[in-house]
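Asker: Start from chain A and add chain B according to the hints.
Chain by chain, the residues run as shown.
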Amino acid sequence: MLKKKWQKFFISVISITFLFGLPSAFAEDKINIGSLNDMTGATSDVGKDYALGISEAIHYVNDMGGINGKKIKLYQFDYGYRIPEALTKYKLFTRLGCKAILGWGTGDTEALSPTITRDKIPYISASYSGHLTNPDKTPYNIFSGTDYSSNARATLTAWFDTKWKNHPDFGKRKPKLICSYMTSHPYCSAPIKAIKDQAKILGFEVGNDQDVSLFAIDTKSQILAMKKFKPDVVWHGNTTMSVAATLKDAYAMKLGATHLINVWGYDKNLIKLAGKAADGAMGATVCAFVGEDVPLMDKVVEYAKKYNPSIPIEDRLIRTVQAWGNVMVLWEAMKRADKAGDLSGESIRQNGFETMANFDVGLGIAPVTYSASDHRPGKIVTVYEINDGKFNLIDKVNLGQRWADKWNSWLGW
Amino acid sequence: MYKKNKILALTAIIFAAFFITSCVATDVKINIAPTQENFQAPVVSLDYVDVAHYWGWWYFSKKVKPTMGTQGDYGAPLDLAFIFNIENPNPYPVKMDSIKFTIGFEDFDLNTVENKEIQWIPAEKTNQVRVHAMFDGRQSLLSLLVTGGFKLKEKGLGTGAGAALKQLGQWWETIPGFEFPIHVKQGAAVFSTEEGIIKVTAFEKTFP
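Chains as they are written, first to last, in our numbering: chain A, 2 to 414; chain B, 43 to 250.
Derived from the structure by calculation, the hints contain no laboratory data. There could be a bad hint or two in this list.
Stated by the list, open to error - Some chain B residues flagged as far from chain A (calculated, every beta-carbon gap over 12 Å): (1) H95; (2) Y134; (3) E148; (4) N153; (5) Q161; (6) W162; (7) A165; (8) N169; (9) F177; (10) Q181; (11) K193; (12) F245.
Said to hold, decoys possible - When the alpha-carbon atoms are kept at most 25 Å apart in a straight line, the in silico DSS-like pairs for lysine-lysine are as follows: (13) A:K255 / A:K166; (14) B:K137 / A:K273; (15) B:K197 / A:K277; (16) B:K195 / A:K221; (17) A:K121 / A:K166; (18) A:K231 / A:K255; (19) A:K306 / B:K197; (20) A:K71 / A:K307; (21) B:K197 / A:K307; (22) A:K307 / B:K158; (23) B:K137 / A:K31; (24) A:K31 / B:K247; (25) A:K273 / A:K74; (26) A:K300 / B:K241; (27) A:K255 / B:K195; (28) B:K193 / A:K221.
Glycine residues also receive a C-beta, built at the ideal position from the N, C-alpha and C atoms.
Excised from the complex, chain A in its bound form:
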């Protein structure tokens, strides 16, 4: 009799444990992801908006069920664009067992590239350097936007196709290109070889590079040098403030060229800082601007308003959308790897990213394809132009189709 009572007691205890214990055990089934951002350093003007976008996109992913039912726990840190801190935080991410890292700029991405390759941890960066797209060299570096080199080639091509033909000198002489950027900076110099190669293909004459510091707010001496060459187009490889300074000086000194601008110098702040001088400036973007009518943008806006209500949506930059793009491709890769039964870094790469063929991210991002031999996400680049203070989509350049014979040889530079 007494034995039966004890049996009953134990069965009850076990039942209660199962009833209350198991669900909480499931609730703890989370996947850790690290995020390195710059919210205080040299790139904080764009880095903060990107960091907010990362956090908001992860909220969305979790609301949509996470990785096949498992929620993501985001460990997001500001490293102030300081490499020693990025390396220190990377060690924390590995201790936390992070499955992937959402990185930031050229500095941290390049500094960590050998380490993530050794540790087989996917690193999804906002540095779109073409140097990171060859899996033979950097197999765990990934991003969702078209690379800087493709962007530079496409922007120059779009100008050639849409503007040069209407120029009074068309057919009489070669168009002229000059590059304005901080020559010692890896981000600024990343696509220079590619744009000069494209200039050669299209028959441009190329002038001497103008070294413009990222800190510059007075670029008159560089504009004077440019005027001697009389360029038709100027490629700007810097970030927003110094690009705005160059545009203002070029406008004041009547340079008369069209400005082509790389991704991190081309956003709403450029229009705010440069005003009229920004009119006509062209740039390749890797996604749509905030509020554009493209799939998933409604969620970008909804989550921005929900989680950061004190920042007006009008003040949010394209950087938010770029962050969403990277989170969306990582989410898809992790879902695929998890379905394959292996959520290791190697599997996220091979069973996830490298199985994506024309994957539609939405957000105005061209369909994304990664393979084991090519991590360039796309061949189609969207090119915008600023008219009356607004961004207008003017062209979609399909580099892979137009230069099918050269496309493979452009990998990794």
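Answerer: Chain B in isolation, oriented as in the chain A frame:
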């Protein structure tokens, strides 16, 4: 005897009724289920700012050889602590998942910090949270140079690294007395209930 029993019974009933009522009342208070409608966003208010650790102002460029360690560009760090009151007006506990805000010295946004250590705030109680913000002299210099060049010029401080260092020196040297406005802006604190209902509180304040 019979009457005495009756009084005792009546007293017992009254006590029992009082006991049951108070239990029910307590129960009701505890058992109000959080809903999207009844979940009031907790109130976040900046109580004060504290210079948590202070090293004064200095800056060494990489041209200066250090006594020990690596040669490089180094600026004085500054550790500020922001103390917030987090008031939960709800009759049930609420979890604070994160608190995030940007810090501006005058018109220059220098830092954005986020604290993701969760804490539970009991029903109708106020918690305090201390959020540290580390300002590195070198990092702040680069931030000012790359993003604040036009503003420095407008302020009449000139251009380039000299102007930015001058501005940083002024802030670092006068902050013990809080002689310039420190803006807490674009603040957002995320709260949730045990059931996963979420509310976000926006906040901002200028100190002092």
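Asker: Check the structure against each numbered hint from earlier and tell me which ones fail, lowest number first.
Answerer: Numbers 4, 9, 10, 11, 12, 14, 17, 19, 21, 24, 25, in rising order.
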